[in-house]
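Trainee: Chain by chain, the residues:
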Amino acid sequence: MSASSTFALVRKDVHSELRTRYALNALIMFVVVAVATILFALRSDQPTSSVLAGLYWVVVFFTAMSGLSRTFVSEEERGTTMTLQLVATPSTVYFAKLIVNTALTFSLTIAVTVLYMTVFSDSFVIQTMSTFLVTVILGSLGFASASTIIAAIVAKANTRATLYPVLSFPILVVLLMTVMSATTKALDGEPFEGALGDFQILAGYILAMTGGSYLLFEYVWKE
Amino acid sequence: MSASSTFALVRKDVHSELRTRYALNALIMFVVVAVATILFALRSDQPTSSVLAGLYWVVVFFTAMSGLSRTFVSEEERGTTMTLQLVATPSTVYFAKLIVNTALTFSLTIAVTVLYMTVFSDSFVIQTMSTFLVTVILGSLGFASASTIIAAIVAKANTRATLYPVLSFPILVVLLMTVMSATTKALDGEPFEGALGDFQILAGYILAMTGGSYLLFEYVWKE
Amino acid sequence: MKAVKFGSVILITFVLISGLAIPISSNPQGWLEFPNIPGLEEKARNILYHVPIAWTTVVAFLVGTFYGFRYLKTKNIDDDIKSVSAAGLGFMFCLLATITGAIWAKFNWGSFWNWDPRETSIFVLLLIYGAYFALRSALETEEKRASLSAVYSIIAGITVPFFIFVMPRIMSGLHPGAKGDPDGSGPVVQLKMSPNMLVIFLLGLVGFTLFFIWLFNLRVRLARLEYQRSVQHP
Amino acid sequence: MTSVSLKLDGVSKEFNRRLIFRDVSISLQGGDTLAITGRNGSGKSTLVKILCGLLSPTRGTLMYALDGKDIEVDAIKDHIGLVSPYLQMYDEFTGLENLEVLSRIRADRNITGETIAEALKNVGLWDRRNDFVRTYSSGMKQRLKYAFAVLHRPGVLVLDEPTSNLDADGIAMVERCVREQRSHGMLIVATNDADEAIWCSQRVVLGDEKV
Amino acid sequence: MTSVSLKLDGVSKEFNRRLIFRDVSISLQGGDTLAITGRNGSGKSTLVKILCGLLSPTRGTLMYALDGKDIEVDAIKDHIGLVSPYLQMYDEFTGLENLEVLSRIRADRNITGETIAEALKNVGLWDRRNDFVRTYSSGMKQRLKYAFAVLHRPGVLVLDEPTSNLDADGIAMVERCVREQRSHGMLIVATNDADEAIWCSQRVVLGDEKV
Ligand code: HEM
Ligand SMILES: Nc1ncnc2c1ncn2[C@@H]1O[C@H](COP(=O)(O)OP(=O)(O)OP(=O)(O)O)[C@@H](O)[C@H]1O
Ligand SMILES: Nc1ncnc2c1ncn2[C@@H]1O[C@H](COP(=O)(O)OP(=O)(O)OP(=O)(O)O)[C@@H](O)[C@H]1O
Ligand SMILES: [Mg+2]
Ligand SMILES: [Mg+2]
Chain A
1 MSASSTFALV RKDVHSELRT RYALNALIMF VVVAVATILF ALRSDQPTSS VLAGLYWVVV
61 FFTAMSGLSR TFVSEEERGT TMTLQLVATP STVYFAKLIV NTALTFSLTI AVTVLYMTVF
121 SDSFVIQTMS TFLVTVILGS LGFASASTII AAIVAKANTR ATLYPVLSFP ILVVLLMTVM
181 SATTKALDGE PFEGALGDFQ ILAGYILAMT GGSYLLFEYV WKE
Chain B
1 MSASSTFALV RKDVHSELRT RYALNALIMF VVVAVATILF ALRSDQPTSS VLAGLYWVVV
61 FFTAMSGLSR TFVSEEERGT TMTLQLVATP STVYFAKLIV NTALTFSLTI AVTVLYMTVF
121 SDSFVIQTMS TFLVTVILGS LGFASASTII AAIVAKANTR ATLYPVLSFP ILVVLLMTVM
181 SATTKALDGE PFEGALGDFQ ILAGYILAMT GGSYLLFEYV WKE
Chain C
1 MKAVKFGSVI LITFVLISGL AIPISSNPQG WLEFPNIPGL EEKARNILYH VPIAWTTVVA
61 FLVGTFYGFR YLKTKNIDDD IKSVSAAGLG FMFCLLATIT GAIWAKFNWG SFWNWDPRET
121 SIFVLLLIYG AYFALRSALE TEEKRASLSA VYSIIAGITV PFFIFVMPRI MSGLHPGAKG
181 DPDGSGPVVQ LKMSPNMLVI FLLGLVGFTL FFIWLFNLRV RLARLEYQRS VQHP
Chain D
1 MTSVSLKLDG VSKEFNRRLI FRDVSISLQG GDTLAITGRN GSGKSTLVKI LCGLLSPTRG
61 TLMYALDGKD IEVDAIKDHI GLVSPYLQMY DEFTGLENLE VLSRIRADRN ITGETIAEAL
121 KNVGLWDRRN DFVRTYSSGM KQRLKYAFAV LHRPGVLVLD EPTSNLDADG IAMVERCVRE
181 QRSHGMLIVA TNDADEAIWC SQRVVLGDEK V
Chain E
1 MTSVSLKLDG VSKEFNRRLI FRDVSISLQG GDTLAITGRN GSGKSTLVKI LCGLLSPTRG
61 TLMYALDGKD IEVDAIKDHI GLVSPYLQMY DEFTGLENLE VLSRIRADRN ITGETIAEAL
121 KNVGLWDRRN DFVRTYSSGM KQRLKYAFAV LHRPGVLVLD EPTSNLDADG IAMVERCVRE
181 QRSHGMLIVA TNDADEAIWC SQRVVLGDEK V
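Protein sequences appear in the order of chains A, B, C, D and E.
First residue of the first sequence? That's 1 in this note's numbering, and the numbers climb one at a time after it.
First residue of the second sequence? That's 1 in this note's numbering, and the numbers climb one at a time after it.
First residue of the third sequence? That's 1 in this note's numbering, and the numbers climb one at a time after it.
First residue of the fourth sequence? That's 1 in this note's numbering, and the numbers climb one at a time after it.
First residue of the fifth sequence? That's 1 in this note's numbering, and the numbers climb one at a time after it.
Derived by calculation from the structure, the hints in this document are not laboratory data.
All values derive from a computational prediction rather than experimental measurement.
All C-beta atoms, glycine included, are put in the ideal place defined by N, C-alpha and C.
Some clues are possibly wrong.
Okay, the calculated bits of chain E under chain D, using three or more residues with CB under 8 Å as the criterion [unchecked claim]:
| hint | stretch |
| --- | --- |
| 1 | 127-139 |
| 2 | 157-170 |
Heads up, simulated SDA-like pairs for lysine to any residue below, C-alpha to C-alpha not over 25 Å straight-line [stated by the list, open to error]:
| hint | chain 1 | residue 1 | chain 2 | residue 2 |
| --- | --- | --- | --- | --- |
| 3 | C | Lys5 | C | Thr141 |
| 4 | C | Lys73 | E | Asn16 |
| 5 | D | Lys121 | E | Gly207 |
| 6 | A | Lys222 | E | Ala197 |
| 7 | D | Lys121 | D | His184 |
| 8 | A | Lys222 | E | Arg176 |
| 9 | C | Lys73 | E | Leu62 |
| 10 | D | Lys121 | E | Leu206 |
| 11 | C | Lys144 | E | Thr58 |
| 12 | A | Lys222 | E | Leu62 |
| 13 | C | Lys75 | E | Thr58 |
| 14 | C | Lys75 | E | Asn16 |
| 15 | D | Lys141 | E | Pro85 |
| 16 | B | Lys222 | D | Leu66 |
| 17 | C | Lys75 | A | Tyr214 |
Next up, chain A with everything else stripped away, as it sits in the complex (with noise of 0.2 Å):
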């Protein structure tokens, strides 16, 4: 893996994105709409922070599933699979997808907070803005720790479009379950100590997919 290939790949998708807007187009689309229904359907209630904190991110993570398993999937359908293969080590691949993969995330979870916070102006107070700002980092890049493998898994398979989230989904309970507790946290503005525990395990499961994954992408990379 050379950091300028990587980067080369990682800028072509950007490009490739920006000019066919496939998955950002979808993106935009499932986080308006879905914040909207959610909105819709809490109306006339008051939500707790746990509720609005698990609801936001179940909108990252459907939204996540539906755009994250392009990187991949689109290079599988148009045949240049092989074109990349031949031009970049699988690292090379595996790092700059990841790269690409965090960025979109991360970028979803700011649409989603602007969003939130117009919406819910009276409910979606962020307190602790330290704890919310970090745990929305670790949470993309855990997002697409896992989730990078996982599309690469997909792209070779038949059924994508529904299969993706379902592999994703169970790797990605413990994550779920951990950044709704830190953003909780940051709701009730809790001080930023006590979410330390919460940002360790997310630690170590960035780690510990990122490790697995980058052993493993070879396999599931090359025919």
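Since the structure of chain A is provided, determine the placement of chains B, C, D and E with the ligands on it from the hints.
Mentor: Below, chains B, C, D and E with the ligands alone, put in the same frame as chain A:
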């Protein structure tokens, strides 16, 4: 359009979905995953009927969107669009896909209903069954009619990419809001008459969507 | 294998019978009475079935993952056969553990399901198995199916320690040993059981493990035969 | 058997205002054969799509007649057999299933199990009929397209790059198909290869415009 | 310039336990040329993928050496140029962008804007360099693959169905590429066409097994 070729096309799609039962596996798992995610989010709370109704349709929405859009995208991606154009008229294609999507959404709502009733056995109690049934049937039809044309447009996304979220958002949100409101009424035990207004909206929506799509479909479908 | 087969049958039968037959008294006397564990009472008997089954589920999962790992190294299709056989059994035991656990929970904690951390983890394990088989059925080429499902089971395996060691600590739960449990840990963990109960419990563990080994052996042989038949008549 | 005739009148095609070809006029009767030739990018495939009613021309008209009666372009599709790199079979079905499913959608009652079996034997795929198209080699896919194209004995057989991916045996099969078609209907071949153009008596050469 | 040598030893390939070919052994040096022939479905493309390290053989070994030193199959990829129907360029980029992006990913510092411009002119796509590959005709796509394959003057040039979709001018271009490659490196051609097999001095014939 001939009935027998429409029917043959429906059979082809169903066959293609069911043959190895992998699509079904994935879809069932998907619903389970969606419900589980929501359960996690709500773990500690006693959700109100409007929250439950909202989340019910959010699950249907996400599952449907990840499955329904495939109908055309998969033809387009594999280059079988031309083959289909050669053997079938546009209206045959449109109605076949509409039927398939309606059936898919309807079975989906049944699956989600059964799951909800077992999982939220105390809070998801359908008090006005007639309202619920009509809502689910009209809702499936509405979803299918909207998503069939959206899917056809998405399949050609290269050119119309930016239009897509803009188009689909208002189309889907109206539908979602209406079915949610009707479902809430069914859960709250309002008499059937109470939901008549919603049903009128739904019926009008379905007619407008199907009619409009039928007329527009040819332009979307042919180059 | 004969020894395993008979051993498991004898042990399980013994555990079943003695677990049900031995009376529980608040003041146990000798080997033929169980102590009364406060909060469990008669329901304590299920420890002897539920826990060994849950244990076997985990063993099966580990065995399946191990052979998946071996497949990636050796590319020998026999390892895939072993891996998928173990996964199939694991799924079955997982269902059994869920059912015995859920029934127990109904009588002990009042409802079938409470999202206690351990319940959550067994549910996730069920989902993992479901996803694993859904993935396998979506892959047509044998080699791809073997290696991708192996990768998936390893990736899923990475999360297992989180469920076992981490989750019970961040979530409050009903199982003994969870966060907020006043005792810290319960009868099994601290081996608070009376010696006779402990012996039967351990025999149960051994019995169910042997049972798994026997079934595993059977299934692998069956799967090999099927494989060979499909080689001859593809 | 029906006799198809075709009239293309002053047809031009532009993509994004780039002119591909201008003012093509063709008139073909029952047993006529036409070769469309021209350089890479001269618009052969584009013209083929227009002839099959899969793409509308920018200017000009296309008219088909069946036994002397003018008919809609949509209706002619049942009388066209097309082999083209842009036409794909369903990957997730077997070769046999593809033919069955597609004839059923076409609602063609003349096609029986035997017709299909015969077509598969003709193109040499009978032994592999139960394999998924996904696992076919490039030549096997091309053969399957032939089986599909001639299955309903179309009045017009349109071949775009007829021999690509085929081995000697496959080319012989194409020549058989071509002979058979000339005996009862119209044949249109778009090709780069002079060897294939000689199958046809008439010729349209595209590509005076720059590539 | 580096000299590549290759040794394939007793290689067999099965898909789902269907034997495609058995016990293929090849040994090639610097300037050698090899034609792989055989019927449709005999495994030519499969063997090509194995030679390029894109597919693992079921049995047997593949070894590459660079200037006499054995190297990993992964590392040889930088010295391979491949033209194949299974290799696609990125649709949503222009022809020029494809070459730029792919060389950047390959992290090949020898490739400048001029090298790329020259390659595009060689294959006759310079005028169309700023059009999306999506809008290219089949022959233009094939030409672009050639530009990509020879861009880095690879030690090994591998061509699968070299002339498919190409017109006379395109075939002349392929022959130029082939001549040029023979002058400095190894050439492997998989084809159905006897006219193309004569470019090479050695030959492997696949397909004693049934299609
Ligand atoms: C379906 C999910 C499960 C349910 C409903 C369930 C239910 C129960 C119940 C009611 C008890 C008695 C607790 C007490 O002593 O107060 C218990 C004990 C226990 N369960 Fe589960 N269980 C489930 C899954 C599992 C799993 C997956 C494991 C381990 C892998 C497990 C291991 C244990 C152990 C070790 C005990 C004895 C705890 C003790 O008293 O020290 N259970 N379970
Ligand atoms: N992924 C796969 N799964 C199963 N079988 C496959 C797969 N890929 C190829 N095959 C089979 O392997 C055989 C060889 O295919 P290959 O594409 O190598 O043939 P080829 O010699 O290139 O043929 P052609 O001249 O038609 O291109 C064929 O019988 C094909 O059906
Ligand atoms: N969708 C499209 N958008 C824009 N331009 C297009 C599109 N499709 C084709 N073209 C252009 O039209 C011209 C003709 O393409 P066509 O595929 O018909 O050529 P062809 O004669 O079949 O060439 P070949 O021999 O390479 O197959 C080409 O210049 C191509 O770039
Ligand atoms: Mg063409
Ligand atoms: Mg080939």
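Trainee: Now, for every hint given, state plainly whether the structure supports it.
Mentor: Okay, the hints, checked on the actual structure:
Residues of the stretch 127-139 of chain E with a Cβ under 8 Å from some Cβ of chain D number 7, which satisfies the need for three, so the listed coverage holds. Check result for the stretch 157-170 of chain E against chain D: holds, 8 residues qualifying (beta carbon to beta carbon below 8 Å, three or more required). A C-alpha spacing of about 35 Å is found between C:Lys5 and C:Thr141, which places the hinted pair above 25 Å, so the restraint is violated. Between C:Lys73 and E:Asn16 the CA atoms are separated by roughly 19 Å; this keeps the pair inside 25 Å, and the hint holds.
This hinted pair checks out: D:Lys121 and E:Gly207 have alpha carbons roughly 19 Å apart, not beyond 25 Å. Pair hint A:Lys222 plus E:Ala197 does not hold up; C-alpha atoms about 30 Å apart against a cutoff of 25 Å. A C-alpha spacing of about 21 Å is found between D:Lys121 and D:His184, which places the hinted pair at or below 25 Å, so the restraint holds. Distance restraint check for A:Lys222 and E:Arg176: the Cα-Cα separation of roughly 33 Å exceeds the 25 Å cut-off, and the hinted pair is therefore not satisfied.
Pair hint C:Lys73 plus E:Leu62 holds up; C-alpha atoms about 18 Å apart against a cutoff of 25 Å. Taking the CA atoms of D:Lys121 and E:Leu206, the gap is near 23 Å; set against the 25 Å cutoff, the hint holds. For the hint pairing C:Lys144 with E:Thr58, the CA-to-CA distance comes to about 13 Å; that is within 25 Å, so the pair holds. With a C-alpha separation of about 16 Å, the suggested pair A:Lys222 and E:Leu62 falls inside the 25 Å cut-off, and the hint holds.
At most 25 Å may separate the alpha-carbon atoms for a hinted pair to count; C:Lys75 and E:Thr58 meet this at roughly 9 Å. Taking the CA atoms of C:Lys75 and E:Asn16, the gap is near 14 Å; set against the 25 Å cutoff, the hint holds. Taking the CA atoms of D:Lys141 and E:Pro85, the gap is about 13 Å. The hint holds against a cut of 25 Å. The straight-line distance between the Cα atoms of B:Lys222 and D:Leu66 is roughly 23 Å, inside the 25 Å bound, and the hint therefore holds.
The straight-line distance between the Cα atoms of C:Lys75 and A:Tyr214 is roughly 19 Å, inside the 25 Å bound, and the hint therefore holds.
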